[in-house]
Amino acid sequence: MSKNVAALLAGLVFGFGLALSHMVEPTKVLDFLDVAGRWDPSLALVMAGALVVTFIAYRLIGRRPKPLLATHFLLPTKSELDRPLIVGAAIFGIGWGLAGYCPGPGIAALGLGTWEAPVLIVALAAGSLTYRWMFEARSRTRRDATAGQ
Amino acid sequence: MENFTPISALLGGVLIGSGAAVLLWLNGRIAGISDIFSGVLILQSGETAWRALFLLGLVAGASLYVALNPAGYTPRTGFPVALLIAGGFFVGFGTRMGGGCTSGHGVCGIARLSIRSVIATVVFVLMGMLTVFVVRHLLGVSP
Numbered sequence: 000m001s002k003n004v005a006a007l008l009a010g011l012v013f014g015f016g017l018a019l020s021h022m023v024e025p026t027k028v029l030d031f032l033d034v035a036g037r038w039d040p041s042l043a044l045v046m047a048g049a050l051v052v053t054f055i056a057y058r059l060i061g062r063r064p065k066p067l068l069a070t071h072f073l074l075p076t077k078s079e080l081d082r083p084l085i086v087g088a089a090i091f092g093i094g095w096g097l098a099g100y101c102p103g104p105g106i107a108a109l110g111l112g113t114w115e116a117p118v119l120i121v122a123l124a125a126g127s128l129t130y131r132w133m134f135e136a137r138s139r140t141r142r143d144a145t146a147g148q
Numbered sequence: 000m001e002n003f004t005p006i007s008a009l010l011g012g013v014l015i016g017s018g019a020a021v022l023l024w025l026n027g028r029i030a031g032i033s034d035i036f037s038g039v040l041i042l043q044s045g046e047t048a049w050r051a052l053f054l055l056g057l058v059a060g061a062s063l064y065v066a067l068n069p070a071g072y073t074p075r076t077g078f079p080v081a082l083l084i085a086g087g088f089f090v091g092f093g094t095r096m097g098g099g100c101t102s103g104h105g106v107c108g109i110a111r112l113s114i115r116s117v118i119a120t121v122v123f124v125l126m127g128m129l130t131v132f133v134v135r136h137l138l139g140v141s142p
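Same order as they appear, the protein sequences are chains A and B. Number 43 in numbering that gives the first Met the number 0 belongs to position 44 of the first sequence; there are no gaps in the numbering. Number 4 in numbering that gives the first Met the number 0 belongs to position 5 of the second sequence; there are no gaps in the numbering.
A few of these clues could be false.
[As the list claims (entries may be wrong)] Simulated crosslink set (SDA-like; lysine to any residue; CA at most 25 Å straight-line):
{"hint": "1", "chain 1": "A", "residue 1": "Lys-2", "chain 2": "A", "residue 2": "Pro-83"}
{"hint": "2", "chain 1": "A", "residue 1": "Lys-2", "chain 2": "B", "residue 2": "Arg-135"}
{"hint": "3", "chain 1": "A", "residue 1": "Lys-77", "chain 2": "B", "residue 2": "Ala-70"}
{"hint": "4", "chain 1": "A", "residue 1": "Lys-77", "chain 2": "B", "residue 2": "Val-39"}
{"hint": "5", "chain 1": "A", "residue 1": "Lys-65", "chain 2": "B", "residue 2": "Ser-113"}
{"hint": "6", "chain 1": "A", "residue 1": "Lys-77", "chain 2": "B", "residue 2": "Gly-27"}
{"hint": "7", "chain 1": "A", "residue 1": "Lys-77", "chain 2": "B", "residue 2": "Asn-68"}
{"hint": "8", "chain 1": "A", "residue 1": "Lys-2", "chain 2": "B", "residue 2": "Ser-44"}
{"hint": "9", "chain 1": "A", "residue 1": "Lys-2", "chain 2": "A", "residue 2": "Ser-78"}
{"hint": "10", "chain 1": "A", "residue 1": "Lys-65", "chain 2": "B", "residue 2": "Val-121"}
{"hint": "11", "chain 1": "A", "residue 1": "Lys-2", "chain 2": "B", "residue 2": "Leu-40"}
{"hint": "12", "chain 1": "A", "residue 1": "Lys-77", "chain 2": "B", "residue 2": "Ile-109"}
{"hint": "13", "chain 1": "A", "residue 1": "Lys-77", "chain 2": "B", "residue 2": "Pro-5"}
{"hint": "14", "chain 1": "A", "residue 1": "Lys-65", "chain 2": "B", "residue 2": "Leu-10"}
{"hint": "15", "chain 1": "A", "residue 1": "Lys-2", "chain 2": "B", "residue 2": "Gly-45"}
{"hint": "16", "chain 1": "A", "residue 1": "Lys-65", "chain 2": "B", "residue 2": "Pro-79"}
{"hint": "17", "chain 1": "A", "residue 1": "Lys-77", "chain 2": "B", "residue 2": "Pro-79"}
{"hint": "18", "chain 1": "A", "residue 1": "Lys-77", "chain 2": "B", "residue 2": "Thr-47"}
{"hint": "19", "chain 1": "A", "residue 1": "Lys-65", "chain 2": "A", "residue 2": "Pro-83"}
{"hint": "20", "chain 1": "A", "residue 1": "Lys-77", "chain 2": "B", "residue 2": "Arg-111"}
{"hint": "21", "chain 1": "A", "residue 1": "Lys-65", "chain 2": "B", "residue 2": "Ile-118"}
{"hint": "22", "chain 1": "A", "residue 1": "Lys-77", "chain 2": "A", "residue 2": "Leu-128"}
{"hint": "23", "chain 1": "A", "residue 1": "Lys-77", "chain 2": "A", "residue 2": "Met-133"}
{"hint": "24", "chain 1": "A", "residue 1": "Lys-77", "chain 2": "B", "residue 2": "Glu-46"}
{"hint": "25", "chain 1": "A", "residue 1": "Lys-77", "chain 2": "B", "residue 2": "Gly-38"}
{"hint": "26", "chain 1": "A", "residue 1": "Lys-2", "chain 2": "A", "residue 2": "Ile-85"}
{"hint": "27", "chain 1": "A", "residue 1": "Lys-2", "chain 2": "A", "residue 2": "Phe-72"}
{"hint": "28", "chain 1": "A", "residue 1": "Lys-65", "chain 2": "B", "residue 2": "Gly-38"}
{"hint": "29", "chain 1": "A", "residue 1": "Lys-77", "chain 2": "B", "residue 2": "Ile-118"}
{"hint": "30", "chain 1": "A", "residue 1": "Lys-2", "chain 2": "B", "residue 2": "Gly-71"}
{"hint": "31", "chain 1": "A", "residue 1": "Lys-65", "chain 2": "A", "residue 2": "Asp-81"}
{"hint": "32", "chain 1": "A", "residue 1": "Lys-65", "chain 2": "B", "residue 2": "Leu-112"}
{"hint": "33", "chain 1": "A", "residue 1": "Lys-2", "chain 2": "B", "residue 2": "Ile-118"}
[Claimed, not checked] Stretches of chain A that chain B covers, calculated by requiring three or more beta carbons in the stretch to come under 8 Å of a beta carbon on chain B:
{"hint": "34", "segment": "1-14"}
{"hint": "35", "segment": "73-82"}
[Stated by the list, open to error] Quick look at which bits of chain A chain B covers, simulated, 3 or more residues with Cβ under 8 Å:
{"hint": "36", "segment": "22-34"}
{"hint": "37", "segment": "50-61"}
{"hint": "38", "segment": "88-102"}
Worth flagging that the hints you see were computed from the coordinates, not collected in a lab. Cβ atoms here follow ideal geometry from the backbone N, Cα and C, with glycine treated the same way.
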């Protein structure tokens, strides 16, 4: 099996789970965030179900020297709590609370015939590219400038 | 809590976790969807095809569930388009600045016991709750 087929398979299972758990319905997500109103704790159980699996699976997988189809594991290495982490998470939370979509359900909803999904995806791409344009291009220039030191 | 659906939530969560586990086990990658999505927006050789196929899988997987169980999905109607656009933009911007979303930080990062991911998840859930409180209860918009 190629890495591409594996990615498709992983996405398929993930997307099926998003729909089964109703996380592709933004009202369900907003109801989870609405602790002062019609609170619906379902999302917490989705997280719990996912975490039980990933917590155990990641430990089993971590004992292997390398993934089955690739040469090495690619894991985040950053560990410091910096301002972009906190500010970025806060901005994401505001957007999540406004629209009721995070990236996974927004993309998964593209096949469900709702007009909201394509609109959301364009806005999501615009936000992502705006961040890249504002910060990443500049920091790359800075990195290049200091690379020889 | 008349809208609480514990069984489908748990089972769906188990599948979401399984998809993430498969991606790490086979490809050695974290299933951070905001990262995969933003990665597909700029073409990188050797990195674009698997990302695009993972996202295609997301779409196909959700469609498959709804095809098998049409009563299992109710599209939202009458939602203000301005809120949708503003929300989507903030989600795109914030997940890039914070380095992850509900999947990358919330599911994969917490499973790796990353302090960054635990803090990010607490922050975005609390800000989401605050935002919904303002929109639904202070401004009286009840979508």
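Checked hints:
no.	hint	in the structure
1	A/Lys-2 with A/Pro-83	violated (32 Å)
2	A/Lys-2 with B/Arg-135	violated (44 Å)
3	A/Lys-77 with B/Ala-70	violated (43 Å)
4	A/Lys-77 with B/Val-39	holds (22 Å)
5	A/Lys-65 with B/Ser-113	holds (21 Å)
6	A/Lys-77 with B/Gly-27	holds (17 Å)
7	A/Lys-77 with B/Asn-68	violated (42 Å)
8	A/Lys-2 with B/Ser-44	holds (14 Å)
9	A/Lys-2 with A/Ser-78	violated (28 Å)
10	A/Lys-65 with B/Val-121	violated (31 Å)
11	A/Lys-2 with B/Leu-40	holds (20 Å)
12	A/Lys-77 with B/Ile-109	holds (14 Å)
13	A/Lys-77 with B/Pro-5	violated (35 Å)
14	A/Lys-65 with B/Leu-10	violated (29 Å)
15	A/Lys-2 with B/Gly-45	holds (10 Å)
16	A/Lys-65 with B/Pro-79	violated (47 Å)
17	A/Lys-77 with B/Pro-79	violated (38 Å)
18	A/Lys-77 with B/Thr-47	holds (23 Å)
19	A/Lys-65 with A/Pro-83	violated (31 Å)
20	A/Lys-77 with B/Arg-111	holds (12 Å)
21	A/Lys-65 with B/Ile-118	violated (29 Å)
22	A/Lys-77 with A/Leu-128	holds (22 Å)
23	A/Lys-77 with A/Met-133	holds (21 Å)
24	A/Lys-77 with B/Glu-46	holds (21 Å)
25	A/Lys-77 with B/Gly-38	holds (19 Å)
26	A/Lys-2 with A/Ile-85	violated (33 Å)
27	A/Lys-2 with A/Phe-72	holds (13 Å)
28	A/Lys-65 with B/Gly-38	holds (23 Å)
29	A/Lys-77 with B/Ile-118	holds (13 Å)
30	A/Lys-2 with B/Gly-71	violated (31 Å)
31	A/Lys-65 with A/Asp-81	violated (30 Å)
32	A/Lys-65 with B/Leu-112	holds (20 Å)
33	A/Lys-2 with B/Ile-118	violated (32 Å)
34	1-14	holds (count 13)
35	73-82	holds (count 7)
36	22-34	holds (count 11)
37	50-61	holds (count 8)
38	88-102	holds (count 15)
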